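Starting from the structure of chain A, add chain B where the hints point.
Given next are the chains, with one letter for each unit.
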Amino acid sequence: DTGVSQDPRHKITKRGQNVTFRCDPISEHNRLYWYRQTLGQGPEFLTYFQNEAQLEKSRLLSDRFSAERPKGSFSTLEIQRTEQGDSAMYLCASRGTGDSYNEQFFGPGTRLTVL
Amino acid sequence: AQTVTQSQPEMSVQEAETVTLSCTYDTSESDYYLFWYKQPPSRQMILVIRQEAYKQQNATENRFSVNFQKAAKSFSLKISDSQLGDAAMYFCAYRPKLVFGQGTRLTINP
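Those protein sequences? They're chains A and B, same order as listed.
If you're matching positions, the first sequence starts at 1 in the working numbering and goes up one per residue.
If you're matching positions, the second sequence starts at 1 in the working numbering and goes up one per residue.
Excised from the complex, chain A in its bound form (with noise of 0.2 Å):
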């Protein structure tokens, strides 16, 4: 398959520890993306790189949140200090090219629960 993938699917975790999550985006696909989704709610963007640069960063990425794409290939995010309020669905997206060229591709998604 080689659509985006995400790992883990699933992570729980206490009320203050580190989680990292990891997102492989398709592999022509320069531009990725993190979105995060609560219940009920449609995904709100996090970040963005181009290769890897991170060109935009949303107010909602606090200085607890750190996201990296070190070779322009896969992503990691990291929140710190994990705290209930992070509890939600963690989705990365890629951005496609030529006809696909404005549609994102987004990945099955990593939930956090935080106990």
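Just so you know, the hints here were simulated from the structure itself, not pulled from any lab data.
Where hints are given, some of them may not hold.
Below, computed lysine-lysine pairings styled on DSS-like, alpha-carbon distance capped at 25 Å [unchecked claim]:
#, chain 1, residue 1, chain 2, residue 2
1, A, 57, B, 55
2, B, 55, B, 78
3, B, 70, B, 55
4, A, 71, B, 97
5, B, 73, B, 55
6, B, 55, B, 97
Keep in mind the model is a prediction, meaning the values are calculated, not measured.
Below, chain B alone, put in the same frame as chain A:
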């Protein structure tokens, strides 16, 4: 700031019938794109249909079509001949920066 509003939290339709999901948006941009995404339960989000704002013709993809009213900033999705597999959350979204609406949960009654 751009906003996207879906005023119907839930909709239901009988199988084989037609349903229309509403979406309005607010922007001062003249060049943008609009999308409808489908998110089935526990499955990933997929693109249903997209519309370029500069195109007057409404987009169509098989049973899915849109009614794009640029002046009214309205972008509704019509699903014809509804099928059980159409049951999902549907999100309207706006670009350049992808902003999503709150979603509409669509139920298909057999």
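Hints and how they fare:
1. For the given pair, residue 57/A sits about 31 Å from residue 55/B by alpha-carbon distance, which is inconsistent with the 25 Å threshold.
2. Taking the CA atoms of residue 55/B and residue 78/B, the gap is about 18 Å. The hint holds against a cut of 25 Å.
3. A threshold of 25 Å between alpha carbons decides the hint, and for residue 70/B with residue 55/B the separation of about 10 Å falls inside it, so the pair holds.
4. For the suggested pair residue 71/A and residue 97/B, the alpha carbons sit about 24 Å apart, so the restraint of at most 25 Å is met.
5. Between the alpha carbons of residue 73/B and residue 55/B the distance comes to roughly 14 Å, so the proposed pair stays at or under 25 Å and holds.
6. Under the criterion of a C-alpha separation no larger than 25 Å, the hint pairing residue 55/B with residue 97/B is consistent with the structure, at around 19 Å.
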